[in-house]
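2 protein chains.
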Amino acid sequence: MPEAPMTIDPANWVCPLPLRETKRIMLGHGGGGVLSEELIENLFLPAFGSTGKPGRDSALLDVPAGRIAVTTDSYVVQPLFFPGGNIGDLAVNGTINDLACSGAVPIGLTAGFIVEEGLELVVLGAVAQTMGKAAAKAGVTIVTGDTKVVGKGSADQLFINTAGVGVVPPGVEIGPERARPGDHIIVSGNIGEHGVAIMSVREGIDFGTVVTTDSAPLHRLVAAMLAACAASGAPGAVHALRDPTRGGLVASVVEIAKAASVGVELDEATIPVPETVSSACSFLGLDPLQVANEGKIVAFVDPSQSATVLAAMRARPEGVNATIIGRVVAEHSGMAVTNTPFGTTRVIDRELGEQLPRIC
Amino acid sequence: MPEAPMTIDPANWVCPLPLRETKRIMLGHGGGGVLSEELIENLFLPAFGSTGKPGRDSALLDVPAGRIAVTTDSYVVQPLFFPGGNIGDLAVNGTINDLACSGAVPIGLTAGFIVEEGLELVVLGAVAQTMGKAAAKAGVTIVTGDTKVVGKGSADQLFINTAGVGVVPPGVEIGPERARPGDHIIVSGNIGEHGVAIMSVREGIDFGTVVTTDSAPLHRLVAAMLAACAASGAPGAVHALRDPTRGGLVASVVEIAKAASVGVELDEATIPVPETVSSACSFLGLDPLQVANEGKIVAFVDPSQSATVLAAMRARPEGVNATIIGRVVAEHSGMAVTNTPFGTTRVIDRELGEQLPRIC
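First to last, the protein sequences are chains A and B.
If you read the first sequence in this note's numbering, its first letter stands for residue 329, the second for the next number, and so on.
If you read the second sequence in this note's numbering, its first letter stands for residue 329, the second for the next number, and so on.
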């Protein structure tokens with residue numbers, strides 16, 4: 329991404345209106361009483377820029393007749409703050425991207441916080457402000473929320489769940505089962521940055537250059553891809569989309585291969601792995617193709633339209649490094665292979681568990 | 329509720345298809361790899377009875393043009409199992425009830441699990457099965473989910489977030505700000521049971537009789553109330569609804585009083601507090617009016633329609649003990665008072681925090 333990493337400085341965060349004499353979260357902040365109300369009114373609502381009605385148990389949204397997409401994700405990343413972002417923008421962008429992978433236009437997010445007693449208010453405040461900024465940048469509103477507090481030692485600082493609702497435009501049919509032999513596989517940019525950014529701070533390893541998370545909302549990129557296909561008379565040309573988060577690129581292509589009962593063949597030399605990611609991964613013994621991303625998308629596209637889609641992606645900052653990395657084949661159904669730079673072929677398969685725990 | 333309490337027996341739970349050789353949750357179950365897939369396919373999908381496509385990042389739902397209601401709640405109750413239910417049916421019913429309080433017809437729930445490494449699979453399986461049964465009983469589908477695993481000691485067994493989406497029928501206008509002087513206040517049944525059920529197991533106190541949670545879905549009760557008003561030519565007669573969970577009856581009426589800038593006056597002798605709840609509360613030093621409920625609703629209704637609404641509520645099992653407990657007044661805006669059985673009046677106000685932490 330061409331933008332500067334988001335500046336996170338909990339030390340400079342000031343609660344817009346003073347909360348009661350406390351600098352830390354207490355059990356009572358989750359009790360549904362006066363402290364809960366103060367937390368909502370003085371911390372969350374100013375951060376989210378909401379003009380909503382906090383007195384409601386649910387938010388009301390207008391929708392056209394048709395299909396909505398609904399998704400949920402919990403975020404438990406440690407540490408909460410890392411180069412280029414924090415758990416807050418991850419929670420906003422990650423759920424937007426899950427909606428985008430169905431071709432949906434996000435219309436609202438919910439935010440559920442589970443907070444450990446004793447967490448400093450400035451930490452929660454900085455995260456909430458980041459969420460509000462990320463949502464505003466993406467043009468999506470955080471429409472409702474919930475806060476629970478658990479005793480000290482019963483959670484690790486802060487967990488966030490975001491659920492999202494989006495409107496799927498008429499005619500959009502995107503799903504993993506729609507990939508078919510011949511499809512070109514496009515990745516929207518450099519891979520492996522988020523996982524390496526987390527690992528570098530968690531392990532205190534200095535890789536020479538700071539690798540920052542690629543966390544970014546991708547719904548506008550997807551909309552541009554769909555618009556380009558529609559304009560060239562092939563509105564259904566984007567068959568499948570996936571954001572390669574946990575499990576990385578490998579998990580995404582294997583899951584689609586299984587869902588569509590097709591094979592996947594990647595050309596390893598064409599996969600954009602930055603030098604910093606590559607050297608960090610070789611140092612840590614990780615496969616960059618299995619490292620998480622939070623601002624990338626993998627697209628399975630009809631080959632007749634892949635040039636059109638690629639051009640539309642490269643015209644946007646989120647997709648400036650988009651490139652074709654492989655194709656769908658009729659052979660080895662449910663499996664993915666790569667053609668290595670050495671002229672050999674290797675099977676790539678998902679990990680049993682994960683290479684890096686708690687990266688999102 | 330006239331029904332027998334739900335039978336929860338993790339010891340008798342059998343995973344529908346055998347998971348890999350493990351009896352406990354491992355970090356890898358949250359990694360997005362093969363173990364995650366096995367957990368979804370062998371534990372969650374059979375429990376939820378889903379016929380959906382687990383390969384998707386989001387679920388698609390059909391909606392008519394108009395308004396949808398969106399809500400979220402996290403559940404962190406301890407212990408996970410208690411008389412009459414567990415965290416699973418609480419998570420399903422609680423979110424359905426938040427939708428019901430907007431007059432919405434629930435169409436889908438999301439389920440986000442945060443699991444502590446080492447949790448026994450039978451515990452997660454029993455909770456998931458309870459969720460599936462509760463959703464089926466309510467006629468609502470769990471449409472998508474997410475599982476994260478955190479290291480041992482980084483969470484307290486299991487937290488669940490459920491978000492919900494519902495369709496608000498045309499013409500339904502329910503909101504806390506709509507309460508107005510003269511409104512009758514109706515409660516749908518006995519109060520205080522859920523909080524006392526939790527406290528009795530948590531503290532190991534024997535109150536003579538087992539008090540079970542009142543956890544129940546209330547969307548059909550609300551639909552019956554709205555239908556009765558519409559049939560008598562007053563479709564907008566239900567002004568405000570609230571499920572008195574954290575903070576109990578007091579928090580609900582005070583929040584509505586504040587939102588609508590009105591006063592609330594309750595007749596304490598008419599509030600249905602079971603003898604078991606009353607004696608447990610006096611033993612524990614709690615105010616039953618502040619104890620959480622998970623299957624009750626408080627309704628603010630135009631006085632000309634309160635008899636109609638009351639009759640509709642009493643015709644359903646969830647509302648058989650419904651009764652009028654007070655009224656809205658123009659005086660003391662934002663405040664609630666009760667007329668005590670001794671002929672005096674006392675102000676009832678929310679706790680700063682809560683009487684009982686982690687009851688939902």
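Since the hints were made in silico from the structure, they are not lab data.
Misleading hints may appear alongside valid ones.
Identical copies look the same in the list; a pair holds intra-copy or inter-copy alike.
Derived lysine-lysine pairs resembling DSSO-like cross-links, with alpha carbons at most 30 angstroms apart [claimed, not checked]:
#1 Lys-480 x Lys-465
#2 Lys-480 x Lys-586
#3 Lys-351 x Lys-480
#4 Lys-461 x Lys-480
#5 Lys-586 x Lys-465
#6 Lys-461 x Lys-351
Since the structure is predicted, the reported quantities are computational estimates derived from the model, not experimental observations.
To see whether the hints hold, each was checked on the structure:
1. Lys-480 x Lys-465: Answer is neither; intra-copy 34 angstroms and inter-copy 36 angstroms both fail.
2. Lys-480 x Lys-586: Classified as neither: same-chain Cα gap 43 angstroms, cross-chain 32 angstroms, threshold 30 angstroms.
3. Lys-351 x Lys-480: Intra 15 angstroms, inter 28 angstroms, cutoff 30 angstroms: intra and inter.
4. Lys-461 x Lys-480: within (29 angstroms within a copy, 33 angstroms between copies)
5. Lys-586 x Lys-465: The answer is neither: 35 angstroms in one copy and 33 angstroms across copies each exceed 30 angstroms.
6. Lys-461 x Lys-351: Answer is within; shortest intra-copy Cα gap is 23 angstroms, inter-copy 42 angstroms.
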